[in-house]
Amino acid sequence: MPIQLKRLLILGVVLVSIFLILKYLMTPESFGQYGHYRGKALDEVAAYPTKYVGSETCYDCHDSIVLAKSEGPHSGIGCESCHGPGFKHIEDPETEKLDKPNTRAFCAHCHAFNKARSEKAITQQNILEHNPEDNCTECHNPHQPQQ
Amino acid sequence: MNPQFEHLYQALTKVDGYIYPNEIELSWSILIVLYPFITGLVAGAFILASLERVFNVKSLKPTYVIALLTAFAFMLVATMPLIFHLGQPLRFWEIMITPHLTSAMAIFGFVYLWYLMVVLLLEIWFDYRADMVVWSKEATGLKKWLYKIFSLGISDVSPESRRWDDKLGYIVTVIGIPSAFLLHGYVGFIFGSIKANPWWSTVMMPVIFLFSAMVSGIALVMLVFMIVNYIRKQKIDMLCLDTIAKYLFYIIIIDFTLESLDQIHRFYEAEESFEIISLLMSGKLFVTLLIFQVLIGMIIPVISLGTMQFYKPKEKIRQGIYLVTGILVLVGIFFMRWNVVIGGQLFSKSFYGFTSFKLALIGPEGFLMASIWLIIPFLILAFLLWLFPPWKKTQEEHVSVE
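Going down the list, the sequences are from chains C and P.
Numbering that gives the first Met the number 0 applies: residue 0 is where the first sequence begins, and numbers increase by one.
Numbering that gives the first Met the number 0 applies: residue 0 is where the second sequence begins, and numbers increase by one.
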């Protein structure tokens, strides 16, 4: 075997070994436990504080608001869609308060004019022109926006 | 006002008709245009080098090493636009550590590594090994040490060892040709396999990408060959230049035929997506497709190179024509990639609307960033030509391998 082939083979073996060692060292421990991803990622996601409780739970205390909302165009939207996850609030209603978003930007998440959305499906406004000085909730009740 | 909504309203002004919300902004911008462009230059330059080595086209010999070094310089940056587009340049390699067989990009990583390490690097190494040994004895300072390290400590320059270099280099080149086809065919496959996009989804895509790669690579080597000779104030080997131009002419015709076949097929089939695609071609892509890609990148070069096949003006005029044609071809192929990548995202999957794209000057996906990744390979090439000057090689002829 010529010397250049010998040296290249040695170099090749060294490079492949480095790759395999790196692969061994760098692959997360729980990789492949359930599928082609890091198994521990599931536990990490589950440990996030964000936990939802569902609108039925809100009804236990806030029945009048839930009932009012159920008659309007926002009936299909869960309470926590706007107010955020309610788990901590259920645990400690006095100190853990939920968000009451009332900014123009928040409503505009859904109601900003967008040509790609059907006007029939969702009410849309050009929020740069529609009463730009006021907050939406000054005129519209978010739980009964039809009023 | 929340800047997010100002941005939304600004974005909506560039929308025509009905499009889905996630189609307003293009996800793939100029860096993804560069990726197939640069990879194509690599594959094309390498294929030109193999013409000399494997198919024994003697007149191309002066370009052999230049073509290899050009391919290598561009290969080193081929993945950089992708990595910078992803925005996580410090963890891109994770795709290689835990590769998935169904991930087109992970497999591309291995195809790329195979081509870089096993094909290009080895072929250049076998070609330069004996020279590096000689140069390591003559050079001083950093160069001396670089030659010593790169020659892997081998000092044998006997005729027998050179014959082995040639024999092994030849084998690598033979393996390299299908590898070059695989590399760029694969880039075409990444687009061609996206069945949701009628502008991309065609089985012709890998073949078209391959031939356009050859066109751009050959044009680039032709330009580099001329520029290197201008800088070194050497007389250009016109037989060599004419031969490159001849091959460029042949490959452009094949490429033009394939692309036309693809379009004719699309026109005749006139599937449900045809209406939006014809609007796209005659509207948003009119300038980049019909003017830059077809007229400037194909028709003018075919006419100028075709004329040169039977009418040969003076050398200086021919050189000028080849120089301009080479640049036009590169511009044309760049816009071919542009039309594929950008064009494929301009129309809605609903087939009822368009968005538009305006290239930013600065920023991570801007013109300047793209320019950097186009200039760097030339700097690498200049360094390689300084370190491994083909004109100082002692080895004149490849030993023919039967």
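Hints in this document: simulated from the structure, not taken from any laboratory.
All values reported here derive from a predicted model rather than from experimental measurement.
Hints are not guaranteed to be accurate.
To be verified - Chain P is faced by these chain C residues, among others (derived, beta-carbon under 10 Å):
no., residue
1, K87
2, I89
3, F112
4, N125
Just so it is clear, CB atoms sit at the ideal spot from N, CA and C, and this is done for glycine as well.
*With 10 Å as the cut and Cβ atoms as the points, is C:I89 at the interface with chain P?*
31 Å, violated
*Hey, does the C:F112 contact hint survive, CB to chain P under 10 Å?*
7 Å, holds
*Should the interface hint for C:K87 be scored as holding, given a Cβ-Cβ cut-off of 10 Å against chain P?*
27 Å, violated
*asked:* So, as I understand it, the hint says C:N125 touches chain P; can you test that by seeing if any CB pair is closer than 10 Å?
replied: 8 Å, holds
Comparing the model with each numbered hint stated earlier shows that hints 1 and 2 do not hold.
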